[in-house]
Amino acid sequence: MIRFDNVTKVYDQNARPALDAINLEIDRGEFAFLVGASGSGKSTFLRLVLKEDRASSGAVYVAGQNVANISSWRVPRLRRGIGVVFQDFRLLPQKTVFANVAFAMQVIGKSRSVIRDTVPEVLKTVGLEGKENRLPHELSGGEQQRVAIARAVVNRPGILLADEPTGNLDPTTSMGIMGVLDKINQNGTTVVMATHDDDIVNEMRKRVVELRNGVVIRDEAKALYTSMIPVVGQSRRLRDASGRELEPAPAPAAPNRSEAPATTRAAARAAGEGRL
Amino acid sequence: MRLAFVLGEIGSGLRRNLSMVVSVILVTFVSLTFVGAAGMLQLQINQMKGYWYDKVQVAIFLCSDGSTAPGCATGPATPEQQENLRKLLESPAVAQYVNDFQFESRDDAYRHFKEQFSNSPIVDSVTPDQLPASFRINMKDPEKYQIISETFSSQAGVETVIDQRQLLERLFSAMNIASLVAVSVAGVMIVCAILLIATTIRLSAFSRRRETGIMRLVGASKIVIQLPFILEGVIAAVIGAALASGTLWAVAHFFLGGYLSRQYPDTAFISAGQTLILVPALIGLGVVLAGVSSLLTLRRYLRV
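Chains A and B, in that order, give the protein sequences. The first sequence begins at 1 in the numbering used here and counts up by one. The second sequence begins at 1001 in the numbering used here and counts up by one.
Isolated chain B, as found in the complex (with noise of 0.2 Å):
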């Protein structure tokens, strides 16, 4: 099989039905969009979820420098607090609650700290010493909070007991939503694209019928015959999902970095680079979709 040959039937092809290539094109556009908005929403949960999130329910800070809490009366927490607490939590009376606990030290604060904010200036301007150290816990019932918070909240050297779960979850389930509502139109736009596929296939196949038609007389392979419609497809497909991709990378370089984490230093925002592990997925959505209902149309309207 020539491929200057193939390439120029293409060609011919997507220049004799332009204006529905531009169609098939933006409506894979908006509709990878939409795949893509809801794959955003995911990896900003997952980077607010941070480091402890999928791991524990509650965190026991201890006391600190700054720490303004009555039980820090006596400054930061002194390793025979910590050491007392830790027997504590492994004392029965509690450690039916639990099942499993770590201590986090500054050390290791800062470090989960860093990662999770990487793409936020704040993180230049915090030091390892004003981060408080923490018992971060695993609970057997998530729903038993309040025991561990009333146990520990008097203790010495412990600043704060705070169940991060119930912090978070409202805000996720937010997101979750709005990432539900994005996959739907999701859906239906591809249902959408993937007719107006259908359709551009079967103009194109028309109106090259006598060719196909003179290509299988003198015994042209099927693919040879069919390759070029598919890719038709595909390469319009291809050219709405990477308008998608640019859209999504715009939105999380000049909305999220730029605006939003202005606005809300304190919150980690997904950056820019990590929309693109999304592109690959886009792009391979566009091709299938593109590449089985041309398919399928050819299948019915083009006999080979």
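Just chain A, same shape as in the assembly (with noise of 0.2 Å):
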């Protein structure tokens, strides 16, 4: 679903690259954890994914597509295809819980009919049924990233992206916001969350991508926050002795993907192997 091809992004000719020749494939319907200090490299991750920035060097690839040949006038169809869910929920602050999700579909000119029918739906999916007439202001935090995740997928997105969602959340309140998350996963959406949280990491025992300095130092199925591996280079064998699951959880819809030939694919990833 998102597949990054030896991308280098370099904002600063003088600096260190923010991606350094980065390989990374998730697959359609996965969930996978972006960890990694700040200014390792994540949000830049995300934004290249959205086409936000070009790629210095190197092909994203978001459905199948190469972004890079995506026209400007068509990368709003690209951005319908991937939700965005930030720390600070981003809500219009003068319209309702109703309204901040319609306008979601407003903007791309869904009719009024369509709007009615899914907006209470969508809501009851992210649970807040019952509080549409409600103003941010009168919500709680997780309420609130609620309702981002609610608009985020409500035209119904193949991927979603968020970046720190549990970010001004207790605890508590984040393992609710990951139920969420975690239900649209099931529903078939790939999720791709950049965290800092090593709780939330830890509980949910995801596939986690560590970044650092830009580039990928670690990436694992059902992995916790912080690698129990002391060299990056045995990996894979020490996991393999470890007894835990060598390949990626499979993917739901992983018979018709379409996104690349599959030599390309293994390929690729036997590319970002050979990294590890």
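Think of the hints as simulated: they come from the structure by calculation, not from any bench. Misleading hints may appear alongside valid ones.
Said to hold, decoys possible - A short list of chain B residues far from chain A (calculated; beta carbon distances all over 12 Å): (1) Glu1009; (2) Gln1155; (3) Val1279.
To be verified - List time: in silico DSS-like cross-link candidates among lysine-lysine, alpha-carbon distance up to 27 Å: (4) A:Lys124 with A:Lys183; (5) B:Lys1114 with B:Lys1222; (6) B:Lys1140 with A:Lys51; (7) A:Lys110 with A:Lys95; (8) A:Lys183 with A:Lys110; (9) A:Lys95 with A:Lys124; (10) B:Lys1222 with A:Lys110; (11) A:Lys95 with B:Lys1222; (12) A:Lys124 with A:Lys110.
Said to hold, decoys possible - With beta-carbon atoms standing in for the labels, derived distance ranges: (13) A:Lys222 with B:Arg1016: 47 to 55 Å; (14) B:Leu1003 with A:Gly179: 35 to 43 Å; (15) B:Phe1206 with A:Ser56: 28 to 36 Å; (16) A:Arg205 with B:Ala1004: 43 to 51 Å; (17) A:Ser140 with B:Gly1246: 41 to 49 Å; (18) A:Gln65 with B:Gly1246: 48 to 56 Å; (19) B:Phe1206 with A:Thr172: 35 to 43 Å; (20) B:Arg1016 with A:Gly176: 32 to 40 Å; (21) A:Glu52 with B:Thr1199: 45 to 53 Å; (22) B:Arg1303 with A:Ala37: 21 to 29 Å.
From the three backbone atoms N, C-alpha and C, an ideal C-beta is built for every residue, glycine too.
Hints given; two lone chains; assemble the complex.
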């Protein structure tokens, strides 16, 4: 669903690259955490997926399409296939919960009747039924983030990007949010979540991609926030020895993946593993 | 794209920025009024030129019933006199200075008069036999007017020879200078209007950056994001243009039509209806001004 092919992003010629020759593939329906210190390249990764920035070199594929080949007037179509959630919610303060979610449908031209049918359904999914007419400031942080998630998924995107969605929330509320994201993931949406929250990562036991200084230093399935493995280069063998699963969990929609020929994908994965 | 949604966005933008919108309306109003004033002066010049001005330079008026000139002692010009004059115009001595000439009969004169003075009450009190017939001469070199004047003034049946250009040229050059001044003032005001529209759109884009940011993220097209801003500027400019058009119409109706034409009944003034042909031009100019300046501003200040 998302594939980075030797992607480098340089903001400043004199500084080190924000992303340095990244190879990474996230399959359809997968749930992946992106962890790493501030400045490790997590946000740059998300920006490249959204085509907010262009890669300095290498290719970014989203849903099988090289984003460099998407003309600027078709970028909106790319973004309709991607939902985004932020740490600071970014709700419209003067609009009600219903209107905030409906806004995402209005601006892409959905009809009133479709909006009337879809929005309550999505609000139910995120656990906000009965709060349609509240204003954002009347809600708790966790509820506000649920509104933001509802807005991100109301147009049924194939991918949900979450940039530290629990950064402003207490641990209990955070777990609630994770429940919502997990539910959305189980409905088939690929979820990529950048986070610093070790409790959540340890609790969820999903794939973890760790970045440091623009390089992937760890890519493990069903992993913890901090690697248990001291030497990066031996991760695969040690994981074998410790009896954990070797391959990432198979994706639900795996049989009819359309993003690239199988051979290319295998080669890319092999190249990625070679670097680890 | 839903029309109601875009209209709602425009409405909220106009409300939030009301004072800026009012200033845009006023500035476009003033600048377009000056543009329109220049246009009206040009229309007025055309009106005064009448039927013959651009075609001929010299007119030889023949004697009519009330003529008192010495050459008209025998009363109105006879067909023979008229024929003599035509022969003289065609003779080699005169023809070398003449490009072309036409005879304007009394009926022709009456028709042209009615056209030129259609906005004036004087037209009802004039009949064809009050107007003289004339030869209208297009000169090879307008400076040679004296030769024609000397040759024809003393001919039988000629009341007077007039160099029309000389009579009107001074007035027209004054009016042309006035319209140049109006255009210059309009130019400065238009620069003001462009900058003010740009600032207004910039403020509007800033105050709505949350909305536009979200619109971008959920994949709204460029048109849906930018159109409300552009239309905001365009609507303000169109209101300004409409006010300017109204002002020009009022000037033509009450000042030219009501006051000046009573003071100077022998001058042909433009009618209020004629100023209406300026309206589409003014509105078009307002739309282009606002549209272009808001597009350029959005390109810089609203990332899509």
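- Item | Satisfaction of the hinted span 35 to 43 Å by the C-beta atoms belonging to B:Phe1206 and A:Thr172 | For B:Phe1206 and A:Thr172 the Cβ distance comes to about 38 Å; the hint holds.
- Task: State, for the Cβ atoms of B:Arg1303 and A:Ala37, whether the hinted interval 21 to 29 Å holds or is violated.
- Result: holds (28 Å)
- Query: Does the structure keep A:Lys183 and A:Lys110 at a Cα separation of 27 Å or less?
  - Reply: holds (25 Å)
- Query: Is A:Lys95 within 27 Å of B:Lys1222, Cα to Cα?
  - Reply: The hint holds at about 22 Å.
- Does the Cβ distance between A:Ser140 and B:Gly1246 fall inside 41 to 49 Å? Cβ of A:Ser140 to Cβ of B:Gly1246: about 55 Å, so the range 41 to 49 Å is violated.
- Message: The hint says 48 to 56 Å between A:Gln65 and B:Gly1246; measuring C-beta to C-beta, is that right?
- Response: holds (54 Å)
- Given the hint that B:Lys1140 pairs with A:Lys51, does the C-alpha gap stay at or below 27 Å? It is violated: about 71 Å lies between the C-alpha atoms, which goes past 27 Å.
- Taking only the CA atoms, is the gap from A:Lys124 to A:Lys183 under or equal to 27 Å? holds (12 Å)
- B:Leu1003 versus A:Gly179 beta-carbon gap, inside 35 to 43 Å or not: holds (40 Å)
- Task: Quickly compare the C-alpha distance for B:Lys1222 and A:Lys110 to 27 Å and report which way the hint goes.
- Result: holds (16 Å)
- When you take the CB atoms of B:Arg1016 and A:Gly176, is the distance between them in 32 to 40 Å? Since the Cβ atoms of B:Arg1016 and A:Gly176 sit about 36 Å apart, the hinted range of 32 to 40 Å holds.
- Query: Could one say that the CB atoms of A:Lys222 and B:Arg1016 fall in the range 47 to 55 Å?
  - Reply: Cβ of A:Lys222 to Cβ of B:Arg1016: about 51 Å, so the range 47 to 55 Å holds.
When held up to the earlier numbered hints, the structure conflicts with 1, 5, 6, 17, 21 and fits the remainder.
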